[in-house]
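**Student:** Sequence:
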Amino acid sequence: TDDWLNRILFGESGEVRPYLNTQMPHYLGYQLGDLPDIFVVADKNPNPPQINVSGLLHHHRNRYGRQLMGTEGLSCITCHNLKGHRSLGMPAVDLSVVPERLQPEWFKRFLLEPASVNPNTRMPAFFTDGKSAFKNLFDGDAGKQIEAIWIYLKEIDQTRLPVGMEKTDAYVLVPKDRPIVHRTFMKDVGPRTIAVGYPEKIHLAFDASSCRVVLVWKGEFLDAESAQADRFAPYVFPLGDDIHSFQPKEGESDRENQRQFLGYRLDAIGIPTFRYEQGDTLVEETWRPLDDGSGFTRQVKTLGETPGEVVEEVRW
Numbered sequence: 001t002d003d004w005l006n007r008i009l010f011g012e013s014g015e016v017r018p019y020l021n022t023q024m025p026h027y028l029g030y031q032l033g034d035l036p037d038i039f040v041v042a043d044k045n046p047n048p049p050q051i052n053v054s055g056l057l058h059h060h061r062n063r064y065g066r067q068l069m070g071t072e073g074l075s076c077i078t079c080h081n082l083k084g085h086r087s088l089g090m091p092a093v094d095l096s097v098v099p100e101r102l103q104p105e106w107f108k109r110f111l112l113e114p115a116s117v118n119p120n121t122r123m124p125a126f127f128t129d130g131k132s133a134f135k136n137l138f139d140g141d142a143g144k145q146i147e148a149i150w151i152y153l154k155e156i157d158q159t160r161l162p163v164g165m166e167k168t169d170a171y172v173l174v175p176k177d178r179p180i181v182h183r184t185f186m187k188d189v190g191p192r193t194i195a196v197g198y199p200e201k202i203h204l205a206f207d208a209s210s211c212r213v214v215l216v217w218k219g220e221f222l223d224a225e226s227a228q229a230d231r232f233a234p235y236v237f238p239l240g241d242d243i244h245s246f247q248p249k250e251g252e253s254d255r256e257n258q259r260q261f262l263g264y265r266l267d268a269i270g271i272p273t274f275r276y277e278q279g280d281t282l283v284e285e286t287w288r289p290l291d292d293g294s295g296f297t298r299q300v301k302t303l304g305e306t307p308g309e310v311v312e313e314v315r316w
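For the sequence shown, the numbering used here assigns the number 1 to the initial residue and increments by one for each residue that follows.
Read the hints as simulated data drawn from the structure, not as lab findings. You may find that some hints are simply not true.
Okay, derived cross-link-like pairs now, DMTMM-like style, lysine to aspartate or glutamate, Cα gap no bigger than 20 Å in a straight line [unchecked claim]:
{"hint": "1", "residue 1": "K154", "residue 2": "E284"}
{"hint": "2", "residue 1": "K144", "residue 2": "D188"}
{"hint": "3", "residue 1": "K83", "residue 2": "D188"}
{"hint": "4", "residue 1": "K301", "residue 2": "D280"}
{"hint": "5", "residue 1": "K218", "residue 2": "D188"}
{"hint": "6", "residue 1": "K83", "residue 2": "D141"}
{"hint": "7", "residue 1": "K187", "residue 2": "E166"}
{"hint": "8", "residue 1": "K187", "residue 2": "D241"}
{"hint": "9", "residue 1": "K44", "residue 2": "E105"}
{"hint": "10", "residue 1": "K201", "residue 2": "D241"}
{"hint": "11", "residue 1": "K83", "residue 2": "E100"}
{"hint": "12", "residue 1": "K249", "residue 2": "E277"}
{"hint": "13", "residue 1": "K187", "residue 2": "D141"}
{"hint": "14", "residue 1": "K144", "residue 2": "E105"}
{"hint": "15", "residue 1": "K44", "residue 2": "D34"}
{"hint": "16", "residue 1": "K44", "residue 2": "D94"}
{"hint": "17", "residue 1": "K131", "residue 2": "D141"}
{"hint": "18", "residue 1": "K131", "residue 2": "E100"}
{"hint": "19", "residue 1": "K218", "residue 2": "D207"}
{"hint": "20", "residue 1": "K167", "residue 2": "E72"}
{"hint": "21", "residue 1": "K301", "residue 2": "E284"}
{"hint": "22", "residue 1": "K201", "residue 2": "E313"}
{"hint": "23", "residue 1": "K301", "residue 2": "E277"}
{"hint": "24", "residue 1": "K44", "residue 2": "D2"}
{"hint": "25", "residue 1": "K154", "residue 2": "E166"}
{"hint": "26", "residue 1": "K249", "residue 2": "D188"}
{"hint": "27", "residue 1": "K218", "residue 2": "D242"}
{"hint": "28", "residue 1": "K44", "residue 2": "E155"}
{"hint": "29", "residue 1": "K144", "residue 2": "E155"}
{"hint": "30", "residue 1": "K218", "residue 2": "D292"}
{"hint": "31", "residue 1": "K301", "residue 2": "E285"}
{"hint": "32", "residue 1": "K154", "residue 2": "D94"}
{"hint": "33", "residue 1": "K83", "residue 2": "E166"}
{"hint": "34", "residue 1": "K135", "residue 2": "E113"}
Using C-beta positions, here's what the derived DEER-type ranges look like [unchecked claim]:
{"hint": "35", "residue 1": "N52", "residue 2": "L32", "range": "20 to 26 Å"}
{"hint": "36", "residue 1": "G14", "residue 2": "G164", "range": "39 to 45 Å"}
{"hint": "37", "residue 1": "H26", "residue 2": "V163", "range": "36 to 42 Å"}
{"hint": "38", "residue 1": "P25", "residue 2": "G270", "range": "50 to 56 Å"}
All C-beta atoms, glycine included, are put in the ideal place defined by N, C-alpha and C.
My request is simple: use the sequences and hints to build the entire structure.
**Tutor:** Set out below in structure tokens:
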């Protein structure tokens with residue numbers, strides 16, 4: 001691109017290939033005149049390959065590019081660094097800067113026929129006669145796959161690292177010094193789940209629709225990967241064991257229908273107090289782990305004309 005050609009010539013590009021001992025010399029202070037523009041004219045391809053990187057087409061979804069980049073696709077990360085993460089093998093150019101450095105037409109031409117652009121390149125040819133070596137996506141359509149990779153690289157800051165480079169436990173939530181409050185979709189709770197993980201390794205899931213705690217469990221908290229991996233946010237599951245479900249008591253469903261969730265507040269150590277209205281009554285409900293991790297102390301306060309408080313231990 002024009003911007004990067006100028007940055008390279010005048011020494012403002014940084015190290016694109018930090019693994020090389022010899023770097024491009026800088027011409028800062030030289031009178032280069034129109035040389036960068038002349039380079040662009042001299043290198044212009046009269047018949048550039050057609051590429052659509054508008055981001056508007058179905059295959060312009062970064063999850064497709066992510067699949068192609070990873071070990072379950074074309075395995076680009078075997079050689080290429082990405083967003084500062086080292087490749088799985090011998091390092092090559094960090095691809096995260098590609099959309100700002102290169103013109104899309106050049107990128108497509110290079111991927112289609114690497115040796116025609118640079119006879120000495122170590123880049124393998126993944127595409128032959130418009131078909132990809134990886135047939136499991138878009139029937140091996142080379143054009144669509146290359147566009148998907150470009151969109152992924154363009155949106156790299158908004159998405160995940162490819163399979164093989166991303167840590168398998170990257171999305172496991174582990175409460176350490178204070179509780180974690182995580183809003184999500186949870187099976188058997190619903191799409192308005194507020195999961196709370198405590199350092200004592202005892203956890204709960206509060207349903208903001210019915211305004212009650214539905215699940216409690218012990219051990220590990222949650223793996224949030226599914227919610228990050230899919231825009232349609234599939235349900236997450238408790239990671240731990242000894243899971244207990246609280247079924248509505250007789251007549252409780254009718255009372256739940258009268259409840260209106262008002263949010264929650266956190267105390268100094270991060271424990272949430274859930275707030276909701278039941279009819280004309282304001283209710284505040286707090287669950288605190290017992291010191292031995294065997295259960296919770298449940299505190300329910302009613303505020304208003306007839307204030308009251310109920311405190312009970314919940315063990316299972």
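**Student:** None of the hints should be skipped; say for each whether it holds.
**Tutor:** Now for the hints, and whether the structure bears them out:
1. K154 <-> E284: violated, 46 Å
2. K144 <-> D188: violated, 39 Å
3. K83 <-> D188: Violated, because 38 Å separates the two Cα atoms, which is more than 20 Å.
4. K301 <-> D280: Holds, at about 14 Å.
5. K218 <-> D188: holds, 17 Å
6. K83 <-> D141: violated, 27 Å
7. K187 <-> E166: Not satisfied, since the Cα-Cα distance of roughly 26 Å exceeds 20 Å.
8. K187 <-> D241: Roughly 15 Å between the alpha carbons, so the hint for K187 and D241 holds.
9. K44 <-> E105: Holds. K44 to E105 sits at ~11 Å (cutoff 20 Å).
10. K201 <-> D241: Judged against 20 Å, a Cα distance of about 11 Å means the pair holds.
11. K83 <-> E100: Within the cut-off at roughly 13 Å; holds.
12. K249 <-> E277: Since the Cα atoms of K249 and E277 sit roughly 19 Å apart, the hinted pair holds (cutoff 20 Å).
13. K187 <-> D141: violated, 37 Å
14. K144 <-> E105: holds, 13 Å
15. K44 <-> D34: Satisfied, since the Cα-Cα distance of roughly 16 Å is no more than 20 Å.
16. K44 <-> D94: violated, 25 Å
17. K131 <-> D141: Roughly 5 Å separates the two Cα atoms, so the pair holds.
18. K131 <-> E100: Violated, at about 26 Å.
19. K218 <-> D207: Holds - the C-alpha atoms of D207 and K218 are around 18 Å apart, at most 20 Å.
20. K167 <-> E72: holds, 15 Å
21. K301 <-> E284: It holds: about 5 Å lies between the C-alpha atoms, which stays within 20 Å.
22. K201 <-> E313: holds, 17 Å
23. K301 <-> E277: Holds. K301 to E277 sits at ~11 Å (cutoff 20 Å).
24. K44 <-> D2: holds, 12 Å
25. K154 <-> E166: Holds: K154 and E166 sit about 18 Å apart, inside 20 Å.
26. K249 <-> D188: With Cα atoms ~16 Å apart, K249 and D188 stay inside 20 Å; holds.
27. K218 <-> D242: With a Cα-Cα distance of about 6 Å, the restraint between K218 and D242 holds, given a limit of 20 Å.
28. K44 <-> E155: Violated, at roughly 27 Å.
29. K144 <-> E155: holds, 16 Å
30. K218 <-> D292: holds, 12 Å
31. K301 <-> E285: Within the cut-off at roughly 6 Å; holds.
32. K154 <-> D94: It holds: about 13 Å lies between the C-alpha atoms, which stays within 20 Å.
33. K83 <-> E166: Holds, because 12 Å separates the two Cα atoms, which is no more than 20 Å.
34. K135 <-> E113: holds, 18 Å
35. N52 <-> L32: 20 to 26 Å: Given range 20 to 26 Å: violated, Cβ gap about 34 Å.
36. G14 <-> G164: 39 to 45 Å: violated, 26 Å
37. H26 <-> V163: 36 to 42 Å: holds, 39 Å
38. P25 <-> G270: 50 to 56 Å: holds, 54 Å
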